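**Q** Spelled out from the first residue to the last, the chains are:
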Amino acid sequence: MGADFVQFSLTPMLIGTLAALACALPGNFLLLRRQALIGDAISHVVLPGIVVAFLITGTVAAWPMMLGASLAAIVAVLLIETIKRLGRIDAGAAMGVVFTAMFAGGVLLLEQSDTSSVHLDVEHALYGNLESLIWLEAEGWGSLFDWAALSQMPPQVVRLAVVLGVVAGFIFVFWNALKISTFDEGFALSLGIRARLLGFGLVVVTAIAAVAAFDAVGSIIVIAMFICPPAAARLMTDDLGRQVAWSAAFALASAVFGYVFAGYGPLWFGAAGSVSAAGMIATVSGLILATACLFGPKRKRIGAAREA
Amino acid sequence: MRNALQGSIGIVARNGETALAADLSNLPLLIDGLTVSYGEKPAIFSIDASFAAGRMIAIVGPNGAGKSTLIKAALGIVPRLSGTVRVFGQPIEQVRGRMAYVPQRASVDWDFPARVVDVVMMGLYRTLGFLRFAGTKERSTALACLDRVGMADFAERQIGQLSGGQQQRVFLARALAQDADLYLLDEPLAGVDAATERTIMDVLKSLKTEGRTVICVHHDLSTVERYFDDVLLINVRKIAEGPVASTFTDRNLQKTYGGRLAGAHIEQLRLPVE
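Those protein sequence lines, which keep their order, are chains A and B. Numbering follows our numbering, with no gaps: position 240 of the first sequence is 246. Numbering follows our numbering, with no gaps: position 128 of the second sequence is 978.
These are calculated hints, taken from the structure and not from any lab test. Remember, it's a predicted structure, so these values are computed and weren't measured experimentally. Do not rely on the hints blindly, as some may be mistaken.
Unchecked claim - Non-contacting residues of chain B with respect to chain A, defined by C-beta distances greater than 10 Å in every case (computed):
id, residue
1, A899
2, A902
3, K922
4, G926
5, E943
6, P953
7, P963
8, A964
9, D968
10, A984
11, L993
12, F1004
13, Q1008
14, D1043
Claimed, not checked - Quick partial rundown of chain B residues pointing at chain A, CB under 10 Å, derived from the structure:
id, residue
15, E890
16, F938
17, L1039
Unchecked claim - A few chain B residues facing chain A, derived, Cβ under 8 Å:
id, residue
18, I927
19, R946
20, Y951
21, S957
22, R965
23, Y1077
Heads up, the beta-carbon is just placed ideally off N, CA and C, and yes, glycines get one too.
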């Protein structure tokens, strides 16, 4: 593992890991609140936001894209809440309506607009572009201590590190309140916890993670990381703190092993080339979940024991 | 109550503010003209009620009468359409630390990743404050509360492994950890075994002996006289309130249950379930 690794594999791996962690951490709470689909919804609705931002600015620069995506995420969350309230229907149904409609709108817009000059297409939106986020200026491990080379790192590294910091900070600061309001919202309200605001905050943090990760790695990883690591972690322990730790470990393992398998796996089987890193990372997370379902120590539905 | 309230306000007008403070500030819970609505139809409509200190009070009424809504509104969990709630003479927001709440057992998902002691420690949230996590001190407080409800041996159990009665006792232990002066419980005896019912009633009586006020939404008409001092009968509107002996009458029950109960029915409901 020398200069080549640092140049071509280190940053994509790092970006994949940061994105996976940023999505998996809030995913724990979404899962327990039966809102896991919201990560999926947000990662879909950012597409029209990105296309509209491109149509307005004419560039695919990061900040207009992020801004457009964030606005679309906020519009989607408000729409979901409105439909839920006015139609008095299940949150899942409201999400299903909003995110499919907005994603479809995004695809139509993308098709109708002239984006041939830039790298903006549905495939990119789904798989992201992890393999291209290389660090050409790096000459070896020493470059990590070389400011000039560091400043040429793909900007996604810093951006996702900041987002991961925001996500982890939110969960750390509001840990007690999040835990109580996720378990028992009525009790949380009686304690004076602003549970609904906190729930909205969680969705906002989720949106930030989804948008930043989407920009770097595409929506497949985002959807998988919100659900698979936390779901697998839930089967490993009956303690919320440990569940969050397990989910981080699983996210890390998915990103690292997924990237390695994508790059070298086909070679091991005698095939040439490599497969999509984003697809492989999501697949690994799915395999981890499947393994946890079969062998996880807490996989028994606890309710079943009670009835027996 | 409305007359009493207006009377006291009259006194205030004549004698100044101290009279009001002396008259109403002792009341653990005072509700005036409380209306709550989830849709077009109000769940409770213009309810006035006062709850005296150191008493055990039952809120009784048919399904859909707004019993749970009443205590949720008293706790500030659901928004009020109109009316006022005063707890120890103050708005709810200023006295949350003196109120404890036991929600219905079925209102939460017991598959949540937590052990029994974790749930009880949730009752210490307000004493923990910002960015502080539960430690040994909180743990020993929680264990003492679990001991009071006979659940000390279950502290490390996953909450989903408990029976319904045990879950209810854990919720009561969490409320004990809150160390409140006013306890509001939503059907604490619903679907629990006889041993749990005894334990819960013993704990509630000890709270009363300590001078605290206990208000329960209660569904079992046969035990109202045995367990409670006062009763509030509601069916969207208030029907009657006062000491059980003078208020829990066939006539008032008839009004509460709106002719759905014949006299014989009521007699039957008031008999202990064997």
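**Q** Against each hint, give a clear statement of whether it holds in the structure.
**A** Here is how each hint holds up against the structure:
Look at A899/B: its CB is around 19 Å from the nearest CB on chain A, clear of 10 Å, so calling it non-interface holds up. Every CB of chain A is more than 10 Å from the CB of A902/B (nearest about 22 Å), matching its label as outside the interface. Not every beta carbon of chain A lies more than 10 Å from that of K922/B, the smallest distance being close to 7 Å; the non-interface claim is violated. The claim that G926/B lies off the interface is violated: its Cβ sits roughly 7 Å from the closest Cβ of chain A, which falls inside the 10 Å cut-off.
A Cβ of chain A approaches the Cβ of E943/B within 10 Å, the least distance being about 7 Å, so the stated non-interface status is violated. Taking the minimum C-beta to C-beta distance to chain A, about 5 Å, the non-interface status of P953/B is violated against the 10 Å cut. Distance check for P963/B against chain A: the nearest CB is about 5 Å away, which does not clear 10 Å, and the non-interface claim fails. A beta-carbon of chain A comes within 10 Å of the beta-carbon of A964/B; the shortest separation is about 6 Å.
Look at D968/B: its CB is around 8 Å from the nearest CB on chain A, not clear of 10 Å, so calling it non-interface is violated. For A984/B, the shortest C-beta to C-beta distance to chain A comes to about 8 Å, within the 10 Å cut-off, and the non-interface label is violated. At roughly 17 Å, the least C-beta separation between L993/B and chain A is larger than 10 Å, which holds for a residue marked as non-interface. Annotated as non-interface, F1004/B keeps its C-beta farther than 10 Å from every C-beta of chain A; the closest such distance is 13 Å.
Taking the minimum C-beta to C-beta distance to chain A, about 4 Å, the non-interface status of Q1008/B is violated against the 10 Å cut. Look at D1043/B: its CB is around 14 Å from the nearest CB on chain A, clear of 10 Å, so calling it non-interface holds up. Taken as an interface hint, E890/B does not check out: its beta carbon lies about 12 Å from the nearest beta carbon of chain A, beyond 10 Å. Residue-level restraint check for F938/B is violated (minimum Cβ-Cβ distance to chain A is 16 Å; threshold 10 Å).
Among the interface hints, the one on L1039/B is violated; its C-beta lies about 19 Å from the nearest C-beta in chain A, farther than the 10 Å criterion. Checking I927/B against chain A: minimum C-beta separation of about 4 Å stays under 8 Å; hint holds. The criterion of a C-beta within 8 Å of any C-beta in chain A is met by R946/B, whose closest approach is roughly 5 Å, and the hint holds. This hint holds: Y951/B has a C-beta 4 Å from the nearest C-beta of chain A, less than the 8 Å allowed.
Nearest Cβ of chain A to the Cβ of S957/B: about 6 Å, under the 8 Å cut. The hint holds. Evaluation of the R965/B hint against chain A yields a held restraint, the C-beta minimum of about 7 Å falling below 8 Å. Annotation: interface hint on Y1077/B violated; nearest CB of chain A at approximately 23 Å, more than 8 Å.
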